[in-house]
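So the protein sequences, as listed, match chains A and B.
My numbering numbers the first residue of the first sequence as 2 and each following residue consecutively.
My numbering numbers the first residue of the second sequence as 890 and each following residue consecutively.
Quick caveat, the hints were computed from the structure, so don't treat them as lab data.
Any given hint might turn out to be false.
[Stated by the list, open to error] To give an idea of the interface, some chain B residues facing chain A are shown, with a C-beta separation under 7 angstroms as derived from the structure:
(1) 1117
(2) 1119
(3) 1227
(4) 1625
(5) 1629
For each residue, glycine too, the CB sits at the ideal point set by N, CA and C.
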Amino acid sequence: MIRFLHTADWQIGKPFAGIADAHKRVLVQQERVAVIARIGAAAHQYQASFILVAGDLFDSPTPTQSMVSAACAAIGKLPLPVYVIPGNHDHGGPAGPWEQPFFLKEQDALAPNLHVLLEPKPLALPGTMLFPCPLQRRAQSEDATAWLRDSQVADQAGERARLLLAHGSTQGFGGEPDDEESRSAAVNRLDLDQLDANAFDYFALGDWHGMKQVLPKAWYAGTPELDRFPKGADQQPGHCLAVEVERGRDPVVTPVPTGRLRWLQLERQFAEDAAVDGLRNELETLLQQRAQEDLLRLELDGTLGLAAMGRLENMLEQWEARLLRLKLQNRVQLAPTEEELFTLTQRLGDPLTSRVAALLIEQTRAGDAASETASLALRELYGASTKPETTA
Amino acid sequence: MKLVRCTIRNYRVHQECRVEFDPQRTLIGGSNECGKSTLVEAIHRALFLKAKGNTEYHRAMQPHRGGQPEVELQFALGAQRYHLQKCFGTNGTISLVPEGGQGLNGDEAENALAHLLTGADPARGKQMLEQWSHLWVWQGLSGSDPTLEASRHSTALFQYLQEKGGAAAVQSGLDAELAARFREAADTLFRQNGQPKTGTNLDAAIKNAELTAQRLEKARQRLEAADQHLREYQAAEKTIQENSRSLETLRRQKRDIDDRVRQVHLARKQEEVQQRQWQEVAAKRADLISQQERILDLETRLAKHREALEPLTAQESRLQQTAEEARRKAVKIAREHDQATQAVSQARQHRDLMQAVVNRFEKHAALSNLTEQAHQAEKLQKEAAELQESLARLPEITESRLKTLRSLENEAATAQATLDAMATAIEVVASNEPVQLEDQSIQPGETKIITDATELRLGNFARIRIRPGGGTTLEDARRRQANSARQFSESLVQHGLHTIDEAAELLRRRQHQETQLTALRHRLKQERGDTLSSRLEEAKAAATRADTDLQRRVELFADLPPDLESASQAARKADDALTKATQQEAKAKTLKETESHTAESAAERLETHRRILAEERASASDWQARHQLLEEASGNNEARLKQLELLTESECDAQKALEATRQNLDKLGADQVETDSERLTRALIQLEAALHEAHTRRAVAEANLRSNGIDDPHADYAAESAADTAAREHLAVEQRKADAIRLLADLFSREQRALADQFTQPLAEAIQGYLTCLFGPEARANVTVNEDAFSGLELVRPGQEGAAIAFEQLSGGAKEQVAAAMRLAVAEVLAAGFGGSLPVIFDDAFAYSDPERVQTLQRMLDRAAERGLQLIILTCNPADYAALGARQTMLSPPAP
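Extracted from the complex, chain B is given alone in its bound form (with noise of 0.2 angstroms):
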């Protein structure tokens, strides 16, 4: 079927346009808005949209400026050529004429045609725009999944596919339904993983399978448990045999070795008790060698000290005699001496004698001159207390004491002169009043002086206050003159005077006294007179003592010298002889002194001597007594000798029986019977404990393996391993009659789809051929085929590695040039059906596509219509397909 010519009128935007269709290709041409889509639709309405009608279709294509829509449609169909003319609206009209045959009118005419074009009744309400849908790919919708399209025609390609694909039969409704059936029972049953779903018979037969092997597998691990409680029963059972066997035995030879350790024992003390005996005996023995040894050592010692008292004792006599000589020298000596010092003793009684009687002269002559002394000093005294006396009853006038009271006399006349110069004379001339002064009456003539502030009354008359001096000046004077006065009255009194010269003649007085007195006092002085009393009273006394010292010494001799200087003579003489006494006495004394050192260190060195012998001697005796201590212990050397034979026959004795004891605890074996002993204490020790252990685990075991009753371990074991075996056998038979239905649901698939290749190979192959066109020699398209309908459409690119891309993944470009590629292959299919050829219409199809792949289109769309393919091709930009070399309209903007 091929599109010829095309008339519209009154439709929407277009007043009358009219096309002329190539055989191959058109290009329609226009900018927006010019009508472009309104005129495929009109085309597309005339075909399929029943000309009486008042559908939404029908009132949509109401045109803008009034008027009834039609279409006027010239196609051919093979040789035959139709005219087609639609007025559409409520009272629309059909015709249909076949060029050179009858024309046909109204529902006859939309009948024909419907059958015409699509083989069935004329198509109602909505499926209309369904019709054709493969040929007309309306503007926006070029990238849609053109498989849909196919799908409603799958009838018509699946005849022709396969008359193409010769022996390929198509799948029977039985076919259809047995592999949807198993499929879904498939799908029912296991997930797309493969798994099983949840819910199924197999899934709860594998739960249950788990659940059969956990449990299984508790149940044994129980009996295991008991199994291993009645082992460690067993097994203690069997350690508490073997150990009591073993304790047995044990006690038995630990009977034995106490046995040997008590004897062991015994010996061990024999032992010691010989041992000790031995010790004692040899003790002895050694002791008493020493004693014999000391003995010796003893008596050399003691013949030693014998030997050395000889000579000390005949030096002791030589000695004595010595010191007795010396003393005996020594005392006459000082008998001798003490004559000496009686001779000076005489000596100096003379002597002193002589010097009392020399001192008595002496103090004697001193008291007489002392006595003197005191008599000039009295009468000196005397007179110095006289003239004292006589100074004493002088005034005590001074040099100062003179000068003031010649001031103060000087003082009070000048004060007087200073009153006179001021008092007042009041003299009464004549009066017939009585005139008084103060209380005095002056009488007429009578002058009274005043000096003081006196009241002059005239009788009644008048009183008249005289102030002398003017007042209070003349007060002053007269006070001073008064204090002046009586103080140098008051002085001359003081000191008993009279006048003022009388005090300087008896100045004059004192002061001569005064120097005599002086005078005297220094004489007194001079002559110690002060000291004088006491010296008279010593030189008394010490006449008195020398007085009675010599009275005291007289009765010592008779004759006296009669006086001082013979008794000097007498005093040298007896001097001399003392001094002379004295040095004899001293010379005496030095000889004395000498023998009695003498006669002292013999005495000493006796006394050495006696000492040094008396400890010789008291080392002998003590020698002597040890010795004889010990000859009294241990006898005499006789006797120690003896005893010292018994003792070393006894040692002998005791030291071979303790030999004998020691050999018998060699042949019992001590050491080892002990270390024996101590082993088998131990091994006794851990045994009972390791029975005692025993015990305790078998009572644990026995206490573990008491059944509680409530059920029987056993029993369930083999419930569960046959629940388990059950589960296994009925999880086998599920999962064998769920793999039988996956096996049919997959084999049903996989026929299918083979079929289904087989089938749809020829519309594959017509795809690849539109393919290589715009991707390439290796670019190929998929299609399955599901029940009736056409799926799954792929594109593989070459240098992809076979990987297909879904049509739905492919960008917006490639959408659109795939779905054109399969739509021409669909076309180019169903073309057959209508003369060899099929328009098919692009209406802006390539919105998506760019300059470059827009030109490689333009070789696919070629081979479509060499293929036999009537083109129509409406763009905007028709300089796009410009290289096509189709035959070009263009639509004019409709008028405003």
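Only chain A is shown next, with the shape it has when bound in the complex (with noise of 0.2 angstroms):
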């Protein structure tokens, strides 16, 4: 029996270009480094011979000099011997990262345990045999697979247990576009069903960033660290899988949470001005005293009126601060309340200001680019007129 931990899509070097901040961008890259070590734990606490990469530790074919030197570092610190295979993010060839000379000088420095498995050759360990899948390419339409459809190619294992070493897409499980790429879906197939499912023990993939078993013996490992939010609950990124295989049985696969940077999902919609205070309420309860170490998608939607949007708004710019990343979709739309209209347009005192609320009121009602702006204007002037003794 073999044990070892079966990883994928560390993704290092990711720019995480959406958070503005630079200082709050450079923790969230750190920790993708970071999440390293916390593989190695749980290395150790599962006694694993060796360390699987199924593609994507670096996000670039093009990493730089220190995000390669962080990496070779960090695997260098492991005890253990890592296999990797090219992924589509980081693959093989003259463009990708593996034949860059520097690379291979921190490696041979930094990792010499860091083995990269460039060739879809067998490679023999005591007790299993590699049957490492690189992708040569960005976009690769031929199945990484294709060579292993000959059973008499497994079979040089003989009695060793058979780990094939895979990276892409299987029946609509993949690597799925996240917020600053877009792929095509034909390309990077991993078609298994054409592979004898009883020449292999263990079918470590990688590109599917939540963990996930898609066949009996194959899995999708994800990403140990998030690097998105996730699409729906059932995806359960931020894990390692410890493994134990042994020839002609099924493997038991262990998920092991690695992740510590949370990313956290939420959609509310107004139907009243006082619903901005219980969405205070509520982050207050997600958050509680944590700061930078959470990032946010919220959606908003529904009306406010004049007031509660002010609040709103004030509201959003101190959580933006504490959290690494605030991705807002305000959708929200201003509803003058009964009391707003009339403090704006029954101003008999002030005829001039009532006949301006009144244009900007009608013109807010036309639902065009140019409400926007109306509405804005309407803000603007509510502002000034109840507080006049501040600016516009």
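With the hints as a guide, dock the two chains, each given alone in a separate frame, to form the complex.
Structure representation (structure tokens):
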């Protein structure tokens, strides 16, 4: 029986460009290197003989020297071999990172335990044989596992446990485009049905960032540290897999949590102005006293009065400072209350202000781009007319 | 309010001046400096300057002739009349008495007056000047913007206008504040052209968005370049794989083709060898055939030559015979000729002998003749020699010499005669003393002839020099005589003569002898005596020779003629014989030559024939040799024929082998195979070059793909993309914020304007009423109200399609007129607060207006009067306003 750790999609060097604050961006980036130590701890805990990284160790085919050094240093600190295949992000070939001189130098100097499997060639290890299926390009149309369709290839392993290591999508599962990328689904497909299921003992897959068992012996480990807001609750990212294999037996797979940063999501629809205060309470409960450990996607909808809209904005400003990222989709419509409308338009002593307010309210109802401007203008006017001492 | 009457005293130029005002139209005329403006000023000071005071205004009104400035004014406010009297100065007084009411004095009166006129406390300082400035059109200020003055009364105006405008409300303080705030905010954000101002958030956001777009584009290009390098790498890689496969195939094809090429080469070589063999055999055969033909030909020729030789040989013997005969005959004839020649020789010898005998005789006769002649000549020569000798002994006197002698004699005689004539005889007659002539002593009685200068000494007594002939002449004569005598005697001596006669005799004898000698010599010459000896010698020699010759010939002939005659006869005979012999010899010679020629011709013909024959034989022999040679070389005819048969067979075999090889070449596709080989070689070269080039491209692309590791283009692109999105979002927010502010500012401005328009409408209508009097029915004015001030007075004239002209851009005249219209309108509006009337004073207010316009102005002024205003016009040209129908007052110039 062999124990090892299956992980993938470390995506080291991911820019997180959506985070405007440079400091916060660095914190999120650094976490992707920091998780390696946690994976090492898991390997120790589960007495793994080696670690398999099923592609996308780097986020980019052209990582910077500093990223390469950081990754190599972190890997080098692990007391066991790490076997890596190129994924679509860090594909093989001259355009990829693996042949760059500075990588080879750092690998040699810092991470002698790091083994990059650039060719589809069996690698015999004590008790197991690895069948790596590296990607040579970002978008590869041919199936990287195609070379294993010949059952004689797998039979070279004899009685060793046979581990297939591949990166790509299977039957609709795969790395879906995140915020910054998009990809055609026709590439990097792994057609595992074409392989003899009995010829292999475990399929260590990468690309899908959630943890997922796609076949009895085929698992996506998912990313060990979240790098996007997950879609759906069943994704379970932020894990690696501790695996026990033996030739001819089903693998025993244990998910091990490794993620630290929280990627939260919240959707709210405002029906009344008091809901703003409800949201405040909810967020306070969710985040408590934490700062710069969470990322939040907040989707707001509905309508708010002029004053409530102002309160919401002030509140969001405060939360934005505390969060590593506040990804806000604010579709809240301005709907002045009766009182506000009265305050604005029924000012007998200020005929000019009343007329302007009436015109703006009319414009906000047009529902076009100009209405947004009018809405903002109305809020300005409301603010100015109720607090004339502050400037516009 | 209307002015009724005014009296001023001690006010600058005026001592006392009183003016009554018409309730509607008053025209005050007067020349320049008669105090029209002073009058107007005095009324204004009475109304608005406190009486008590020592301000610059108080000081300025001090009279020229002393006294305290004083103004007395009566005016009506509605139905109420007032009497106002002010004495200005430090201790100034005021009295305001309403008709039928309680009079007021001091500050009470001042305050009451101020409230009456302005509704406020009295103005202080400069503000005083601004009171009722809309009604007081001071001289020189008629063209100033009347909105400024109107604004001073905005409160009252607004109040009235609001009343007139019905529901229209005036903007509140908050309205004004908000409008100003948003306008200010918008002006801070935007330029007049609507573009955002530098330094604003919006401007920064735009610039930032532009910057991020540029950076994104750069990042995109970098990524694109990397992708391009990768595509190039992959393309090169693909080319390398494809070309490598193609290269393998081509090389295989090339090997096959090269095998066939080798086969073709071998076959070609074989073909070449076979071709050569075939050609050689064919050549041999052809050679043999031609040889055969040549032998046959030779044989034919040889037969021909042999045939030709036979007659030639026969002819040769004939010719030989003929030649022999001719030769023999020629020899015989030659012998006969020799005999004839010999006969001639003998005849000649004989004749020569005879001639020698004759000659001998002749020579001897000539010799004896010459010997005789020689004797004669010897005698003559002897005579001549004697004569010559005799002549030689005679002195050699010639005619000329004799003549010379004679002349010398004459000359000597002459000289002697001369001398004789000069000689002096000295004779000593007696003397006691010895007389010595020179060295000779002359004894007394002795005579001495002296011819020269001679010293005669008489003892020691006297020495006397005697010079005959007077000296020199004597000497010369003596010398000439001596010379002539000497010459004459010398000539005689020279010729061995003694006298001249002897010389004459001698000459005669010489001449005679010489004549004789000449005759002798002539005879000798005639006798050829000079050559005689030589001729004699010759004759002797000839005789000797004739002797010798004869002697020699005698040996041949015994008989000789005894004498000359027989000899001559014999000689003639011999001569004839010789002639005969000679003729015979000549005949024989001719014959001999003929025969000799015949013999030579025959020999020659024989020789020629023999040569031809020899040639013919040589030729035949040559052909024979050739024939023999050929036969030796190629054997005899039979052998040759056999050989020919063999060769024909070989040729046929060779040809067949060649054909077979060629068929094989065709089968190998020789031509095509070489073309194919070339094609494949070419293709290989090109493919290898392409492969090499692809390797280079791959290497280049690979080098380009090598990351420097300093930055991550993919991460950069993601970052720039996000930054760009953020920048655009931020820009949209800023834009919306700015747009909102601008929207607010614009809305406030628009609504403010709408409100103001509603507000100013009655005023605008009032102005329009006056303007139509001036510029026609469509003329109108625009005035805007901003906050609490009027501004933006504009004139819209008919025919200008509503285009407004700002007040400041109007001409001087138009400014005056539009300003007047506005003032009248404001006065009309404000008059409501003053009992429906207000005075409006125009002090020389239309200085820039032309006379024609002044005429139309009167219509406007009249309209003002009709609408309740009190018009007071001051002018130095009252005639200009004649049509106004005003009450006219003329001010007199102040007393000097």
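Would the stated hint for residue 1625 of chain B survive a check requiring a Cβ distance to chain A of less than 7 angstroms? Holds. Min distance 5 angstroms.
Under 7 angstroms, Cβ to Cβ, is where residue 1629 of chain B needs to be relative to chain A, so tell me if that hint holds or is violated. This interface hint holds because 4 angstroms falls under the 7 angstroms limit.
Quick one, is the residue 1119 of chain B hint okay against chain A at 7 angstroms, beta carbons? This interface hint holds because 4 angstroms falls under the 7 angstroms limit.
Taking the closest Cβ pair, is residue 1117 of chain B under 7 angstroms from chain A? Nearest chain A Cβ about 11 angstroms off; hint violated.
Hinted contact residue 1227 of chain B with chain A - closest CB pair below 7 angstroms: Hint violated; residue 1227 of chain B Cβ to chain A Cβ min 139 angstroms, cut 7 angstroms.
Figure legend: structure checked against the earlier numbered hints; hints not met, in rising order: 1, 3.
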